[in-house]
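**Student:** Okay, here's what each chain looks like letter by letter:
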Amino acid sequence: MNPNDVAGQAGPKILSARFGRKDGHRLPVYEQEGGYTALRKVLGGMQPDEVTALVKESGLRGRGGAGFPTGTKWGFVPKGAEQVYFFVNADESEPGTFKDRFLLDYDPHQTIEGTIISCFAVRANLGFIYIRGEFGWLIDRVQKAVDECYAAGYLGKNILGSGYDLEMIVHKGAGAYICGEETGLINSVEGRKGQPSIKPPFPAVSGFLKKPTIVNNVESVASVPWIINNGAAAYRAYGTEKSPGSKLFSVSGPVKRPGVYEIPLGMPFRTFFEDILGGMADGEELKAVIVGGSSVPVLPADEIMACNLDYESLGSAGTMLGSGGMIVIPKRCDMVELIQVLMHFYWDESCGQCTPCREGTGWLHRLVKKLRRGEGTAEDLERLEHVCAGMAGLTICPLSDAAVMPMRSFLDKFRGEFEALIQDQAPVAASSRWPRGERE
Amino acid sequence: MTQPMEDTAGFALSPGALARIDALAARYPTKASALMPCLWVIMDELGWVPPSAIDLLVEKLSVTHARVNEVLTFYTMFRETPQAKYTLQVCHNISCHIMGSKPLIAHMEQKLGIKLGGRTSDGLFQIEGAECLGACGMGPCLQLGRHLYENVTPARADALLDSLRKGIVPRADTDREGVD
Ligand SMILES: Cc1cc2nc3c(=O)[nH]c(=O)nc-3n(C[C@H](O)[C@H](O)[C@H](O)COP(=O)(O)O)c2cc1C
Ligand code: SF4
Ligand code: FES
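Protein chains in written order, with our numbering: chain A, 1406 to 1845; chain B, 5 to 184.
To be clear about the criterion: a stretch of chain A counts as covered by chain B if any three or more of its residues have a C-beta under 8 Å from a C-beta of chain B, and this derived list gives those stretches:
no., region
1, 1495-1508
2, 1538-1544
3, 1566-1577
4, 1662-1676
Simulated from the structure, these hints should not be mistaken for lab results. In this text the structure is predicted, and so the values were computed from the model without any measurement. Note that the Cβ used here is the ideal one computed from N, Cα and C, for glycine as well.
Based on the provided sequences and hints, a complete structural model is requested.
**Tutor:** Spelled out as structure tokens, the structure:
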């Protein structure tokens, strides 16, 4: 890839200062540009609770999808806990999402510095960076940066003479979307199947090896050094009241300039789309956008054009900011075909523990395929809704909902395309209507 | 101390790999938590995890066979059987689909004379559909081990296959060696 084509150069530079730079991943370059000064500041006199308070004040919200306030999450670790673990979630497998790989590729030290500070804030002495197995090339790069940190005294025993000890392990995943879910991730590092666990207990109370554990997305921890250096007020100068700061968006689909862009939250979608992405590629016309990774509801062009890119505006439009994985869908695409692709994904990735998810994702996939074969009936559209209703909010983890949200929204916003596939046909025996037993 | 381990099928882990397994078991907080990285050591060396390697992990990490098998089979990147020399994983998720993964896959199937999931009779190539590979803005994309090829056109796929036939793995978009 040509980084200059794909790395965004507009807006604030809280996260993307070294994007597209050949040497930005090296320790000396990072240090020359002020790297590890935040860590020095923290270890040179701040208390862990002061760090947590500052991050809380900044209003930073988790960038892994749910948008939970980072400082608040850190505050859930029980006081006086003896052993605390910290995990950086770099599983990045949500379709449409490819921002964390940019952070770790161009600027691994920023994430590592943020991780060390985050570990200090929650009093962890062992931190993991969990990177999806498909990113073999990236894992080596991060491991090299971690090795540089050990050699420079930023990791290990008595960091910078402060008395604080921290070990860091770069852990390689092995191909399972569900390991991005925080309890699935923890179970995976325990050497198990990556199946999520029932909450409560929340990981902050009982997580890895039953000890308090904090899991944060790469982008969340990468924001921390800047906040320490510049203060909460400076961070809040970007973004909106409820969505402070800046966010990375990874943009795919036939726009003029796909790639990863850092923008202040609250930017109108129209501005982002027209000025930064350059609009659609030649010969393409905008149909719809999935704004926050494949698990959030789709919005047709006119609806997304009226949104601002922040948690509250997208929420009131009926979708979510999610991971910031923006999938731009052109006119030429068949929405039923696209939802089949997505339903295949969720069906494939369901870990199988919960009946509504294991069976429901299969049903949705089979029903959509049946429609596309031209064998669907009006009742099948009702069945799609019926299956969705039986899946949402009823499972151990939100993967089931993550399949329902695109399914329902595709059906709701593009119903005409589904209806066009239905044949007028004589009613068939009830027992034969369900596409039972078909297994791809 | 660490003897090279012979498999009935003739697979052996090098002393270096065995040493890495011991080091991982010591570095992780519990031996069992080192299971995934240890499986990776075996994968990296052999390309699959033979039964004798499972026995070895049971012994080294003090876990049950059931535990190793459950982990081995849950994760798609761990393989229980020998693989083709080159396994090409083509992303067929939504962004790559929009950008043309379907015609790309059809082209490769036709070129290799196999279907997705199949292997050529000479054992050289295997093609698989992959879920999102984290290159959505540079799709369609395909992965060969640690090499990720982005913006893959049918012509680029042809060039890749031709080169692999000669035993040369072309430089991938994510190869960082030599640039660093
Ligand atoms: C199916 C599923 C997949 C997920 N994948 C990821 C992922 O790849 N990366 C990530 O950071 N969070 C992912 N999450 C969210 C995590 O569970 C967790 O909320 C997040 O890592 C917390 O970090 P944050 O508070 O910094 O956002 C996923 C959640 C679900 C339900
Ligand atoms: S909702 Fe689905 S993925 Fe999540 S735990 Fe249940 S079966 Fe597994
Ligand atoms: S959809 Fe193909 S890499 Fe993400």
